[in-house]
Every structure is written in C-alpha cells, then in structure tokens.
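The chain contents come next:
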Amino acid sequence: GAVVSQHPSRVICKSGTSVKIECRSLDFQATTMFWYRQFPKKSLMLMATSNEGSKATYEQGVEKDKFLINHASLTLSTLTVTSAHPEDSSFYICSASEGWSNQPQHFGDGTRLSIL
Amino acid sequence: GESVGLHLPTLSVQEGDNSIINCAYSNSASDYFIWYKQESGKGPQFIIDIRSNMDKRQGQRVTVLLNKTVKHLSLQIAATQPGDSAVYFCAEREGNQAGTALIFGKGTTLSVSS
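The listed protein sequences correspond, in order, to chains A and B.
So for the first sequence, this note's numbering puts the first residue at 42; every next one is plus one.
So for the second sequence, this note's numbering puts the first residue at -15; every next one is plus one.
Everything labelled a hint here was simulated from the structure, so no lab data went into it.
Quick reminder that beta carbons are idealized off the backbone N, C-alpha and C, glycines included.
Be aware that a few hints might be false.
Cβ-Cβ distance ranges computed for the label pairs, FRET-style [stated by the list, open to error]:
{"no.": "1", "chain 1": "B", "residue 1": "Thr(-6)", "chain 2": "A", "residue 2": "Glu104", "range": "32 to 38 Å"}
{"no.": "2", "chain 1": "A", "residue 1": "Ser95", "chain 2": "B", "residue 2": "Ala8", "range": "33 to 39 Å"}
{"no.": "3", "chain 1": "B", "residue 1": "Ala8", "chain 2": "A", "residue 2": "Ile53", "range": "36 to 42 Å"}
{"no.": "4", "chain 1": "A", "residue 1": "Ser46", "chain 2": "B", "residue 2": "Ser24", "range": "16 to 22 Å"}
Covered by chain B, according to a simulated footprint, are these stretches of chain A (three or more residues, beta-carbon under 8 Å) [unchecked claim]:
{"no.": "5", "segment": "65 to 76"}
{"no.": "6", "segment": "84 to 95"}
{"no.": "7", "segment": "144 to 157"}
Between the sequences and the hints, there should be enough to build the whole structure, so can you do that?
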C-alpha cells in the first residue's frame, strides 16, 4: 500500500531557528502533496498544497514567507518553518495521493515541533 | 452504546458494542468522502471512503453511510474493540482529482472499555 514517510518525527529547538520537515512518498509518485497543521485536540487545518515543479498554493492566513514549501521531485516535499517562534509549535502532517482519480490521501506520521 | 444524529466530540462504548460516529459536512459540491482514524501522536490512517453516487459502503467491520440531502456522513463500527479507541475524522473533497485537498471535519474521540 501507499506509504508516506515524514521526518523528523519530533523537533525541539530554540526560538529563531529554522526547521525543515521532509515528506516522502515511498512507493508511489505524488505530483501533489499537502501540508496540514494540527493543534492539540483539534482537527487538521490545511496549510498549503505543494505541487511538483511549481509554487505551492497557500491557504488564507498562512504566511508563505514563514512556511516555505519546496516540491523538487515527485517523491519529496519539504516544509521549512523559518525563524520559528513558540507560537509555531504544533503538529505538522503531510499527505499525498497516488494517481489522478479518486484515491484517498495517505498521511505521514507527523512532526511534533516544539519551539522553546 | 450507540450515538446517532448530532456530532459528538466524544463517544464511550463497551467492548463488543456497535459504535456510530456522525459527521456533518459543509460543502454541498463535495463528491468524495473519507473516514480517518488518528491515534495519539500519529498521522491519520485511512479507514473507508465513499463517493457521492453511493449512499452506503461496507468494509471489514465498518460501514459508511452518506446522506447528501442533509449533508451527513456516518461511520458504523461493528463489535467495537479496545484497539478501535482513537480520534475519528471525516473528510470531504470536491472533485475527483488527487490534487484537490481534503477538508477535515471535527473529530470524535472514541473510547472503548473492556
């Protein structure tokens, strides 16, 4: 089955640090990947849609200069949280779908980001 | 115990009972729906999906019902087990392209006691 791998699973760093999170589709090619953010006991909120070879599409209210997305290949998308601050602490999750027709999105196991 | 009708943030059942988790979706143009299970500290795990041209679909121990008239989706879990304890989310999508994002509903925390 389709597997999405996310790395790292947990990051703890000081305020002002930039953090890169990787999302890989291990056994399929993903033209599009998605990045979500989840606060404790809340639902997943879509941050951006990552398109291979082009600019990401950000949801309203998401700062594109704060959350840099790069989708350089059909199996890898990265999310960089630039100059992270405590309010950026959250659970970040990526997902991808295989193929073009109705297929469920498969999710990585998330990255727990804690900014001190 | 079972819960039918309104969305509840939590649902507690006894092992062996049937569980029903409800979801109201917002976009009448949505035509693809998925139920996910999320365990603590992990990403959502696919359970079952349904397209808008269907009103019922069955999997192993799970059934999804879709009522487009009232924009309501439900997940039925038969013979609920302690391993089913998790947060369950419904998600909707407009269009049949894999490049379209899912929009998630509010989750329901299912607690199964043995």
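Here is how each hint holds up against the structure:
Between B/Thr(-6) and A/Glu104, the C-beta spacing of about 34 Å keeps the proposed range 32 to 38 Å intact. As the Cβ distance of A/Ser95 to B/Ala8 is approximately 35 Å, the hint placing it in 33 to 39 Å holds. Between B/Ala8 and A/Ile53 the beta carbon distance is about 38 Å. The supplied range of 36 to 42 Å therefore holds. Checked against the given bound of 16 to 22 Å, the beta carbons of A/Ser46 and B/Ser24, roughly 19 Å apart, stay inside it.
Closer than 8 Å: that is the beta-carbon criterion, and the segment 65 to 76 of chain A has 3 residues meeting it against chain B, so the requirement of 3 holds. As drawn, the segment 84 to 95 of chain A meets chain B at 6 residues by the rule of a beta-carbon pair under 8 Å; at three or more, the given contact holds. Coverage of the segment 144 to 157 of chain A by chain B holds in this model, with 9 residues showing a Cβ closer than 8 Å to a Cβ of that chain against a need of three.
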